[in-house]
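K.L.:
Please build the complex by placing chain H on the supplied structure of chain X, with the hints as guidance.
Number of protein chains: 2
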Amino acid sequence: MRSDLKQIGIIGLGLIGASVAAAVKSRSSSVRISAYDTDRQALDHGLTVGIIDASVDSIRALAENSDLILLAVPVNAAHECLSKLSGFKGIITDVGSVKAPLLVSAGRVFGDLSQVVPGHPIAGSEKHGVEAADPHLFSAHKVILTPSLETLPDAVALVSDLWKSLGAIVVIMDVKDHDRILAQTSHLPHLLAYTLVDLLAVENEGLEVFQYAAGGFRDFSRIAASDARMWRDIFTTNKKELLVAVKSFRSRLKAIEGLIEEDQFEELEQVLLRAKAARDYFSSISDIK
Amino acid sequence: MRSDLKQIGIIGLGLIGASVAAAVKSRSSSVRISAYDTDRQALDHGLTVGIIDASVDSIRALAENSDLILLAVPVNAAHECLSKLSGFKGIITDVGSVKAPLLVSAGRVFGDLSQVVPGHPIAGSEKHGVEAADPHLFSAHKVILTPSLETLPDAVALVSDLWKSLGAIVVIMDVKDHDRILAQTSHLPHLLAYTLVDLLAVENEGLEVFQYAAGGFRDFSRIAASDARMWRDIFTTNKKELLVAVKSFRSRLKAIEGLIEEDQFEELEQVLLRAKAARDYFSSISDIK
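One line per chain: the protein sequences are X and H, in this order.
Note that our numbering gives residue 285 to position 285 of the first sequence, counting from 1, and the numbers run on in steps of one.
Note that our numbering gives residue 150 to position 150 of the second sequence, counting from 1, and the numbers run on in steps of one.
Please keep in mind that the hints were generated in silico from the structure rather than gathered at the bench.
Predicted model, so just to flag it, every value in this text is computed and none were measured.
Just to be clear, a hint being listed does not mean it is correct.
Copies of the same chain are indistinguishable here, so a pair counts whether it falls within one copy or spans any two.
Calculated lysine-lysine pairs in the DSS-like style (CA-CA distance at most 27 angstroms, straight line) [as the list claims (entries may be wrong)]: (1) K240 with K254; (2) K276 with K127; (3) K276 with K247; (4) K84 with K6; (5) K89 with K239; (6) K142 with K239; (7) K239 with K254; (8) K247 with K164; (9) K25 with K164; (10) K84 with K239; (11) K176 with K247; (12) K142 with K127.
Okay, chain X solo, but in the shape it has when bound:
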């Protein structure tokens, strides 16, 4: 933990915000953490288990005492939070799954982006809330930072060092690349999973069809168990890139459907083999089995 980082303010003490607090507290006794949340019970729990030092009643109060503010709220709540930080001189970072809109919002509020370092930890859990806080949640996980050209190198370095000190692997990426890549690798898969489960539910009223679902469906449908409101917000916030990805997917699916329709067995096998090779490569470069 860098010595010039003395006070962290966290807005939103859910799973991610609370895990950052727990991770910092487990590694440093000199950094002070204050938190704001609309849920008073979450703050009280954070105080009780000792992952935060203080709770405050407003975002303005948080801004007065922090060197760095971490926004850990749903993507479409970020704009309103930012507007209350107008005049804040410290560093601002966040943890949202969509990054371009945050830079736009921050530009409107602050006029310049010199202290704004958008971030996205590629980590999560099926659990929710402050009770699920995990100081090891970010260990060996990637955190993508998408600073603008205006962001000061010192600000990027400080946020990067913070994540590294929590065990994360930091990657700097262009904001458009981030939103495009995440649309393809995360937002589209979630949308497909929700669509499949919804289709099955609508076409099979008694849901008896689910009794015969095997492993393939299990892997698929686990994704659709995620928080509906959070994903609605991600889908609508990353609308532009997601729609590009969905349209590409529909068109590719139609092409593969054509191979089946016209009994083009060899071509179909080539597609499946190529996908399997890509998946095996993915498996080989990640800790993912």
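P.N.:
Frame of chain X, contents of chain H only:
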């Protein structure tokens, strides 16, 4: 194990065939198992580890000595195997993922279906081959049987009792329902997973995009690691039902895409909530978490 079942003949000593053999052997010392496979080494391995009593050089030789023949070959190899069983008077069952074509093939070969009991264990593993044989593979897993109206009740009872003795839960289902339900719950998810991974591979030549793939994609892409040839055969064998399912999916996806395009946030959230509710129900009725 029923006392009138003395000799089982297994065609195809891969994961499923060998696991049936291992499961029978671990539960009964009185049933004799012979096996045929084009892969001589698989048979030798089966003999060495004691999951089969004898290997034979031809399907005809197997037919001479068996009360029941279990076809455990890829779905589109079944027809050729059946044609070599012409004249066999015992019970015939199988383990394929698509059932209507097997009944058609069997009808052509045998003229009647009185002894034909198509079966589909909803169980599997990412491992392949006789070496992966697991005597517990079917424990607490469903096995769907799809007899025709011509199939004798005694034949259905014998196959049903065999699976139950291996720990499986037997479900009798209309053959068309089976192929439609499996198209929706298994074949379509696999096709979507292959399509997504292929799309990402084609659009991102260096495959660097996979480095940023998180949990959602992991669940999704695991499915695309399955055997390409086997899935090509399943897709083409269950062509009719799969195409119905794919077309429904594409149309549903286009509708949800429309909700995102037109900022219909409430309607979108309703879809996601309905999918989550269906998935949670699925999770509650199965051993699947």
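K.L.:
Each hint should be assessed against the structure and marked as holding or not.
P.N.:
Tested hints:
1. K240 with K254: Classified as both: same-chain Cα gap 22 angstroms, cross-chain 15 angstroms, threshold 27 angstroms.
2. K276 with K127: So K276 and K127 pass the 27 angstroms test across copies only (15 angstroms; inside, 31 angstroms).
3. K276 with K247: both (22 angstroms within a copy, 24 angstroms between copies)
4. K84 with K6: Within one copy only: 22 angstroms inside, 80 angstroms across.
5. K89 with K239: Neither. Shortest intra-copy (31 angstroms) and inter-copy (62 angstroms) distances fail the 27 angstroms Cα cut-off.
6. K142 with K239: within (24 angstroms within a copy, 41 angstroms between copies)
7. K239 with K254: This pair counts as both: shortest intra-copy Cα distance 22 angstroms, inter-copy 14 angstroms.
8. K247 with K164: Neither, since 37 angstroms and 46 angstroms both go past 27 angstroms.
9. K25 with K164: within (14 angstroms within a copy, 55 angstroms between copies)
10. K84 with K239: Answer is within; shortest intra-copy Cα gap is 25 angstroms, inter-copy 57 angstroms.
11. K176 with K247: within (18 angstroms within a copy, 32 angstroms between copies)
12. K142 with K127: Answer is within; shortest intra-copy Cα gap is 19 angstroms, inter-copy 30 angstroms.
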